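Residue numbers (full-length UniProt numbering), protein chains in the order written: chain A, 1 to 354; chain B, 1 to 354.
There's no promise every hint is true.
Stretch by stretch, here's where chain A covers chain B in the computed footprint (C-beta under 8 Å, at least three residues) [said to hold, decoys possible]:
id : segment
1  : 201-215
2  : 301-312
3  : 330-341
Far from chain B by the CB rule (all over 10 Å, computed), these chain A residues [claimed, not checked]:
id : residue
4  : 16
5  : 76
6  : 126
7  : 135
8  : 143
9  : 173
10 : 306
11 : 347
Just a few of them, taken from the derived set where beta-carbon distance is under 8 Å, the chain B residues facing chain A [as the list claims (entries may be wrong)]:
id : residue
12 : 17
13 : 34
14 : 91
15 : 120
16 : 191
17 : 218
If you're looking for bench data, these hints aren't it; they were derived computationally from the structure.
Just so you know, these numbers come straight off a predicted model, no measurement behind them.
The C-beta atom is built at its ideal place from N, Cα and C for all residues, glycine as well.
Number of protein chains: 2
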Amino acid sequence: MSRFWSETTRNITPYVPGEQPRDKIRIKLNTNENPYPPSPGVLACLRELANEDLRLYPDPDSRELCETVADYYGLSAEQVFPGNGSDEVLAFLFQTFFGPDDLIAFPDVTYSFYPVYARLYGIPYREIPVREDFSIDFSGYPGEAKGILFANPNAPTGLYIPPAEIEALLRARPDTLIVVDEAYVDFGNQSVVPLVKKYDNLLVVQTLSKSRALAGMRIGLAMGHPELIEGLNRIKNSFNSYTMDRLAQAAAICAFRDDAYYREINGRIIRERERFKETLRGMGIPCTDSKSNFVFASLPGLKGPDALRLLREQGILVRNFAGNPRIADWLRITIGTKEDMDRVVEAVKKIMER
Amino acid sequence: MSRFWSETTRNITPYVPGEQPRDKIRIKLNTNENPYPPSPGVLACLRELANEDLRLYPDPDSRELCETVADYYGLSAEQVFPGNGSDEVLAFLFQTFFGPDDLIAFPDVTYSFYPVYARLYGIPYREIPVREDFSIDFSGYPGEAKGILFANPNAPTGLYIPPAEIEALLRARPDTLIVVDEAYVDFGNQSVVPLVKKYDNLLVVQTLSKSRALAGMRIGLAMGHPELIEGLNRIKNSFNSYTMDRLAQAAAICAFRDDAYYREINGRIIRERERFKETLRGMGIPCTDSKSNFVFASLPGLKGPDALRLLREQGILVRNFAGNPRIADWLRITIGTKEDMDRVVEAVKKIMER
């Protein structure tokens, strides 16, 4: 510790992302990356734009990207905010909408970065227990909360809430900002983005890291009422004039144009997810009904960290959240290719047969 | 304004970066971009890495980049912090080292983003007047300041302070964090980075946007004592797990390896800057002795915004800071190619002959 650290720096416990292994992991299923490459159009566009124009600053407003996303979803560009990964978008929204006098609430099982942001900005928060089956029970959320946040499908459970239930929440709580983190929505679910036109208390966050196979380019989005987006821009423009580099903006634009390619690869992931869930259940292994690009499962009779280790010994890296007692014995297993998942099944069989 | 905006969002006045024009500007000299392209090695590396690996997250610690920069400067990787542009690095350092109970001080003429950061994080600050000739007078800085920040060469004056004077400050104020923003140091000046090994109260910020012609890729750096760097990483890892995408990290690494190329193009800029200053002085136009990749000049008898407009009418975009009364009548003119500067001289001549 340095004598120069601020109080925030001294007290914070940073988020720890899934490992990017340097050793010999044969199958990396720990950070929900897409097993398929970005579209050929995205890669061609990046190669073309790796040119002398990189000496120039990017468009600070990412105008063309905002327009592309707006077209895709039937919004206006003023309803779109892009950022350097959805993590950055989330950080900005915590600071844009909440302060030390506000209360925010989120499930006790969800993306574990939320409490880190709250502590970073000194925002009081309450973690509301999910039900025994991990489903979110909105009736337990405090009336005074200025914000409610959750991922849908939720992380790391994969459980999905249909738009009608979220719309009921938006209507019941018009003065609460409802933030829906749709990082995993494209794996066969319906987005609530269309509700943005109807409710000024809805902010939807998305990422191009998962369904658009661009984790390496760091692209996130928020969509909401123009006044919410204007707020995000005020904070962003007080933090970093240009959050998205030229190549990230271009990759994002091309990815939204190559929709057919992405529907095809994500269709494969959805089919593989359903097959994998069925196989696990057939082996007597409990898993949630995940609608994401991962499966959430618990190997009977094994502590989570032990299960993690036994898989790693067979060259397979998955994720365990030992820090949260409610899910300490569960594993989050990213859906890879059919070959990847066949190997996982083999490895799990070996472990269960010991 | 939305009823959901936090107090910070309501009260902040965002920084306004130099315009990225969409109309017909023939010569863009308003944001200190390099007139020459990134090195061929950087572009080749970007084209090669625009491949299927972009589906994977980048290394969150940018380890190879830290090692490359450390090698370049004779530091250890633990003394290097990379970020998504030096704007992001600056934002992080404001939050990492200062809080509402600390006072920070910087010149009243310097990078105009500093007061925006201070307000974003609620850090009290004092702007200390530079001398009549725009030079920084460290004797006027309050003893209780926990931090002193300045750009060297300073922006937008271009005035340079040699390392010996900064070392005297580091020694005189061992409990003040001295932040030296070296965005423009590579244009013929000596960096204070070597002093990082000797003083734990020094943090040096750099960017690859200017001297390495990579404004479009958003790459910034901080260098300092390992405990200062650790503090920055605590805040960064509580904000965004992966601030630098795969291509930005790769571009930065290649740029540090292609040093000969960059020395050559920046040598051209330095020669052109000296020639341009001499020409302006020969025309009776006051300008500072800028050691940066811009010249700071004041057209006699003209208000700054009028001078800006008259140049723009001739297709030349430069920068004026009308918001700061001390420099309202001055123009910051980026050094472009010899042909660019010849045209600027012609345009200025026309204006002066009216």
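Hints, verified against the model:
1. With 5 residues having a Cβ less than 8 Å from any Cβ of chain A, the segment 201-215 of chain B passes the three-residue criterion, so the hint holds.
2. Chain A is given as covering the segment 301-312 of chain B, and this is violated because 0 residues of the stretch bring a CB closer than 8 Å to a CB of that chain, at least three being needed.
3. Look at the segment 330-341 of chain B against chain A: 0 of its residues bring a Cβ nearer than 8 Å to a Cβ of that chain, fewer than three, so the hint is violated.
4. Consistency note on residue 16 of chain A: stated as away from chain B, yet its beta-carbon is not over 10 Å from all of that chain's, at 8 Å minimum.
5. No Cβ of chain B approaches the Cβ of residue 76 of chain A within 10 Å, the least distance being about 16 Å, so the stated non-interface status holds.
6. Residue 126 of chain A, annotated as away from the interface, keeps every beta carbon of chain B farther than 10 Å; the closest lies near 18 Å.
7. Remark: the non-interface label on residue 135 of chain A is consistent with the geometry, its nearest Cβ contact in chain B lying 27 Å away (cut-off 10 Å).
8. Separation of residue 143 of chain A from chain B is adequate, the least Cβ-Cβ distance of about 16 Å exceeding the 10 Å criterion.
9. With 10 Å as the threshold on Cβ separation, the claim that residue 173 of chain A sits away from chain B holds: the shortest Cβ distance comes to roughly 12 Å.
10. Separation of residue 306 of chain A from chain B is adequate, the least Cβ-Cβ distance of about 26 Å exceeding the 10 Å criterion.
11. For residue 347 of chain A, the shortest C-beta to C-beta distance to chain B comes to about 21 Å, beyond the 10 Å cut-off, and the non-interface label holds.
12. Below 8 Å, beta-carbon pairs count as interface contacts, and residue 17 of chain B has one with chain A at about 4 Å; its hint therefore holds.
13. Taken as an interface hint, residue 34 of chain B checks out: its beta carbon lies about 5 Å from the nearest beta carbon of chain A, inside 8 Å.
14. For residue 91 of chain B, the shortest C-beta to C-beta distance to chain A is roughly 5 Å, which falls under 8 Å, so the interface hint holds.
15. Nearest Cβ of chain A to the Cβ of residue 120 of chain B: about 5 Å, under the 8 Å cut. The hint holds.
16. Against a cut-off of 8 Å between C-beta atoms, the interface hint on residue 191 of chain B is violated, since the closest Cβ of chain A lies about 21 Å away.
17. Among the interface hints, the one on residue 218 of chain B holds; its C-beta lies about 4 Å from the nearest C-beta in chain A, closer than the 8 Å criterion.
Hints 2, 3, 4, 16 from the list above are not met by this structure, while the remaining hints are.
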